[in-house]
Amino acid sequence: MMRSLRAFVWLRWRLIVNGVRGGKRRDTLEQVSRTLQALSPILLGALSVGSIIGATIIGFYAGRAVAHGTMLPTVGFFLLRALLGILLFMSVVITAFAPTQTQMTSYTRLLLLPIARSTLHLLEVAANLADPWIAVLVPLLCAFALGLAAGGRADVGGVAAVAAVSMVLVFVSLAALVSFAVRWLLRNRRRGELFTLAFVLGLSLLSIVPAIVSSRSAAEKRAQSPAPETPAASGGSRRTRSVPREPFSVAKFDAALPRWTLAIPSELYGVALNAAMDGRRSTAWLAIAVLIGEGVLLFAASSVVHARLIGSLENEQDHHRRFTRPLGGFEVPLTRPPVAAVAMTYLRTALRSVRGRLAILLPAPMLLAITALMRQTADVPSGFATVFHRGDLLFGVGSILALHGLQPFTMNLFGTDRAGLTLLFLSPLDDRDLARGKILGCALLLGVSMSLCLVGSVIVAPGGDVWTWLAVPVGIAAVWLLASPLAVWLSVLFPVAADLSKTGKGGNPHPLAMLVGLFAVMALLVPTALLFVVADFWLRRPPLALVLELLWLGFAVLVAWPLLNLAASSLSSRRENLAMLR
Amino acid sequence: MSSALAIETSDLRKAFGDLVAVDGIDLAVPRGSFYGFLGPNGAGKSTTIKCLTGLIRPTSGTYRILDLDAIAQPVEVKRRIGVVPEDLALFDRLSGAETLAFVGQVHGLDAASVRGRSAELLTLMDLTRAKDDLVADYSHGMRKKIALAAALLPAPRLLFLDEPFEGVDAVASRQIRDLLAHFVKGGGTVFLTSHILEIVDRLCDHIGIISKGRLVAQGPIAELRGAPGSGKTLEERFFELVGADTTSAPALDWLSR
Numbered sequence: 002m003m004r005s006l007r008a009f010v011w012l013r014w015r016l017i018v019n020g021v022r023g024g025k026r027r028d029t030l031e032q033v034s035r036t037l038q039a040l041s042p043i044l045l046g047a048l049s050v051g052s053i054i055g056a057t058i059i060g061f062y063a064g065r066a067v068a069h070g071t072m073l074p075t076v077g078f079f080l081l082r083a084l085l086g087i088l089l090f091m092s093v094v095i096t097a098f099a100p101t102q103t104q105m106t107s108y109t110r111l112l113l114l115p116i117a118r119s120t121l122h123l124l125e126v127a128a129n130l131a132d133p134w135i136a137v138l139v140p141l142l143c144a145f146a147l148g149l150a151a152g153g154r155a156d157v158g159g160v161a162a163v164a165a166v167s168m169v170l171v172f173v174s175l176a177a178l179v180s181f182a183v184r185w186l187l188r189n190r191r192r193g194e195l196f197t198l199a200f201v202l203g204l205s206l207l208s209i210v211p212a213i214v215s216s217r218s219a220a221e222k223r224a225q226s227p228a229p230e231t232p233a234a235s236g237g238s239r240r241t242r243s244v245p246r247e248p249f250s251v252a253k254f255d256a257a258l259p260r261w262t263l264a265i266p267s268e269l270y271g272v273a274l275n276a277a278m279d280g281r282r283s284t285a286w287l288a289i290a291v292l293i294g295e296g297v298l299l300f301a302a303s304s305v306v307h308a309r310l311i312g313s314l315e316n317e318q319d320h321h322r323r324f325t326r327p328l329g330g331f332e333v334p335l336t337r338p339p340v341a342a343v344a345m346t347y348l349r350t351a352l353r354s355v356r357g358r359l360a361i362l363l364p365a366p367m368l369l370a371i372t373a374l375m376r377q378t379a380d381v382p383s384g385f386a387t388v389f390h391r392g393d394l395l396f397g398v399g400s401i402l403a404l405h406g407l408q409p410f411t412m413n414l415f416g417t418d419r420a421g422l423t424l425l426f427l428s429p430l431d432d433r434d435l436a437r438g439k440i441l442g443c444a445l446l447l448g449v450s451m452s453l454c455l456v457g458s459v460i461v462a463p464g465g466d467v468w469t470w471l472a473v474p475v476g477i478a479a480v481w482l483l484a485s486p487l488a489v490w491l492s493v494l495f496p497v498a499a500d501l502s503k504t505g506k507g508g509n510p511h512p513l514a515m516l517v518g519l520f521a522v523m524a525l526l527v528p529t530a531l532l533f534v535v536a537d538f539w540l541r542r543p544p545l546a547l548v549l550e551l552l553w554l555g556f557a558v559l560v561a562w563p564l565l566n567l568a569a570s571s572l573s574s575r576r577e578n579l580a581m582l583r
Numbered sequence: 004m005s006s007a008l009a010i011e012t013s014d015l016r017k018a019f020g021d022l023v024a025v026d027g028i029d030l031a032v033p034r035g036s037f038y039g040f041l042g043p044n045g046a047g048k049s050t051t052i053k054c055l056t057g058l059i060r061p062t063s064g065t066y067r068i069l070d071l072d073a074i075a076q077p078v079e080v081k082r083r084i085g086v087v088p089e090d091l092a093l094f095d096r097l098s099g100a101e102t103l104a105f106v107g108q109v110h111g112l113d114a115a116s117v118r119g120r121s122a123e124l125l126t127l128m129d130l131t132r133a134k135d136d137l138v139a140d141y142s143h144g145m146r147k148k149i150a151l152a153a154a155l156l157p158a159p160r161l162l163f164l165d166e167p168f169e170g171v172d173a174v175a176s177r178q179i180r181d182l183l184a185h186f187v188k189g190g191g192t193v194f195l196t197s198h199i200l201e202i203v204d205r206l207c208d209h210i211g212i213i214s215k216g217r218l219v220a221q222g223p224i225a226e227l228r229g230a231p232g233s234g235k236t237l238e239e240r241f242f243e244l245v246g247a248d249t250t251s252a253p254a255l256d257w258l259s260r
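Protein sequences, first through last, are from chains A and B.
Position in the first sequence counted from 1, then plus 1, gives you the working numbering.
Position in the second sequence counted from 1, then plus 3, gives you the working numbering.
Some hints could be false.
With beta-carbon atoms standing in for the labels, derived distance ranges [said to hold, decoys possible]:
id : chain 1 : residue 1 : chain 2 : residue 2 : range
1  : B       : Asp29     : A       : Ala47     : 50 to 58 Å
2  : A       : Val535    : B       : Arg118    : 50 to 58 Å
3  : A       : Pro563    : B       : His185    : 42 to 50 Å
4  : B       : Ala115    : A       : Ala199    : 38 to 46 Å
5  : A       : Ser52     : B       : His198    : 48 to 56 Å
6  : A       : Leu567    : B       : Arg118    : 32 to 40 Å
7  : A       : Ala8      : B       : Leu182    : 46 to 54 Å
8  : A       : Ala199    : B       : Arg118    : 36 to 44 Å
9  : B       : Gln76     : A       : Pro563    : 19 to 27 Å
10 : B       : Trp257    : A       : Met3      : 52 to 60 Å
11 : B       : Trp257    : A       : Ala117    : 24 to 32 Å
12 : B       : Gly190    : A       : Ala199    : 30 to 38 Å
13 : A       : Val560    : B       : Gly222    : 55 to 63 Å
14 : A       : Trp11     : B       : Gly170    : 31 to 39 Å
To be clear, the hints were calculated from the coordinates, so they are not data collected in a lab.
In this text the structure is predicted, and so the values were computed from the model without any measurement.
By construction, the Cβ of each residue, glycine as well, lies at the ideal position given by its N, Cα and C atoms.
Kindly generate the complete structure, drawing on both the sequences and the hints.
Spelled out as structure tokens, the structure:
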């Protein structure tokens, strides 16, 4: 058992080190690119060490302060409960998210090792101790218990120590259960992609719910409070009378919680510590017993799912037949056949990937959710809030979201093709055709995403001036054209072999390419928006908005075309690096 | 006047930093030949194919493919060749039929020709039922077959095949062998790498053997095997030429108990 544990610790360590070190570099530029890529995990590691030391110190002093009475026990325990509750939620979400972001460990190799499946399960559960939030939580809880004992409350410190160990058991078992369940889902490619798509879409939209709820309650409070003073009555000031806020009370908060929340592990931890502090030892130990029971149940459930995961006869490849609906030919009007073939291939492969579907599907619902939120916050459309009451402007915001959502494709034009890139390089395509095809493919993707935003905007805020509705896609096209040479350059200089079935790092472009691309698009959006504002808001001549955006597009064509050819010419010297991309 | 050689290299060299993968080889592949390119693992076979097909640039040396300077006219060369590389080079998220349609369009074939040729190739490769499945859902053998179909679709005059029989079932292997023999009979040239010496022995009329980046032998297979009556098999000659010493391998006594 210990031998296996040592081997697994070593395996994890080498995977981390080798992940940072990377493979062979072919030239200096590739070395620079990989070094930059490795910086973020190194920084994250450094931050984790700092966090662990910080958590230990804070935990110890907080425990001592509670024992000495310089901090109210209810407040100290409440803060810990809240932290544990948030971390429980986070550990479920992040653990479920992780396998959808990067490649999983191959189980086949592990199953071939002479290790009992129960030992393998135990090792996998224990491996969760290395998760960053658990790595920070363990010293915090232990130091808190130590602080309580050091402050003269050894009895409470003892309860806190046992409760801490029980909490860690709950955390690692829960993380393992979620992780095994998600990995079992992802063993089947189609099922996994569907789960990833639904999970990310749902999570993105759910993230806006708290803001909508809080803005709704704020609106209700405003409606219930007395009418604000008129500017004249308050001496011309537009400030309204503030409603005094009630001080926060832990007792009131606890009273408002439904009974079932007592079963949440973080709440049981709080009950145990509060009871121990009040001298109700039997209640404290009962809460800990329930906490341990929950941990054991979660461990047992994780064992069942683990057995299902490794016992699954399915291959990691999905061999179920999946018919694709033929999408017709590869033709694009007014485009040469090779360019159209590259563009349509890019469009099709993107539309069939999780990342591509997210890029297409996410902007429109996000736009609608933000609109709902902003409309609740501002009753009367004024200033920036006007955007959310005008369909054409909403369409503009949606188009910007779509433009940014396509970054995994636009800033990594070649790395997303994987083995398909070799086929492109083996085909009789010159550099210009290849670059133009890729840019056209991205433009088609952008068009699909923008069309959904257009539909959403028309539904939410129909009407308005047809000129400004038309000016939006023209302006976005200008931005896209001007950004495209940079997209080709960045994709050529900083390519990353991206897996578009993954939503996180595994499917991301190079961080530098993403950052530069983001700023470039933002910078190009400024003149586009300014032209619109001048014509529509300042001069109040909507047709002029279209004229100005058309002129801007004309300028973009004149500038972008030679630059795109220049960017394409850089491809020939980097073909070898791109072809070897893994 | 066209040369009698389909592939002609002169002092072709490819280095990756300090590692010399291909060390000045002079290949001469006759037109209409079935050329087997053999060598142990890491000898430089795949690197040579990548150089010849334009995937990587040689460090030095010159080479001509079907009378064209492959460095000066890469696109023209690619119009005339078909390649099944080591990693098969397929888009995972295109279906088999779409892969063929893509290749056809890039090669400038009209839609009717692409449809006709695709249907024939899919039938031949026994992929008609799976033509609308994504390549990601294909088995390894099916991927190999669709990659070969894609290489054949534009009717190339020269085929580069890197381990075409690896992972292919016996029936498909036989079909592919017959197809390639038919292709060579019609004047095409095949440049093939394989680890299966029996297949090379049965199919190829010319072979080249590479070891540690150097071409150690080249010529008609009968000549390389040795004089008639020498009793040597291709495998024995191969071991001799690459300097493989099977007798000095560690005995691994701890394996026998």
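Here is how each hint holds up against the structure:
1. Taking the beta carbon of each, Asp29 of chain B and Ala47 of chain A are about 54 Å apart, inside 50 to 58 Å as hinted.
2. For the hinted restraint 50 to 58 Å between Val535 of chain A and Arg118 of chain B, the CB-CB distance of approximately 53 Å keeps it satisfied.
3. Take Pro563 of chain A and His185 of chain B: their Cβ atoms lie about 49 Å apart, and the range 42 to 50 Å holds.
4. Distance hint for Ala115 of chain B and Ala199 of chain A: a CB-CB separation of about 42 Å, consistent with the stated range 38 to 46 Å.
5. For the pair Ser52 of chain A and His198 of chain B, the supplied restraint of 48 to 56 Å holds, since their beta-carbon distance comes to about 52 Å.
6. Range check, Leu567 of chain A to Arg118 of chain B: about 38 Å between beta-carbon atoms, so the 32 to 40 Å window is met.
7. Checked against the hint of 46 to 54 Å, the C-beta distance between Ala8 of chain A and Leu182 of chain B comes to roughly 49 Å, which is consistent with it.
8. Under the hint 36 to 44 Å, the C-beta atoms of Ala199 of chain A and Arg118 of chain B, about 37 Å apart, fit the expected range.
9. Taking the beta carbon of each, Gln76 of chain B and Pro563 of chain A are about 25 Å apart, inside 19 to 27 Å as hinted.
10. Between Trp257 of chain B and Met3 of chain A the CB atoms are about 25 Å apart, so this pair departs from the stated range of 52 to 60 Å.
11. Separation of Trp257 of chain B from Ala117 of chain A is about 26 Å and conforms to the stated range, judged on CB atoms against 24 to 32 Å.
12. Separation of Gly190 of chain B from Ala199 of chain A is about 55 Å and departs from the stated range, judged on CB atoms against 30 to 38 Å.
13. Between Val560 of chain A and Gly222 of chain B the beta carbons are some 58 Å apart, a value that agrees with the proposed interval 55 to 63 Å.
14. Between Trp11 of chain A and Gly170 of chain B the CB atoms are about 33 Å apart, so this pair conforms to the stated range of 31 to 39 Å.
The structure is inconsistent with the numbered hints 10, 12, although it conforms to all the rest.
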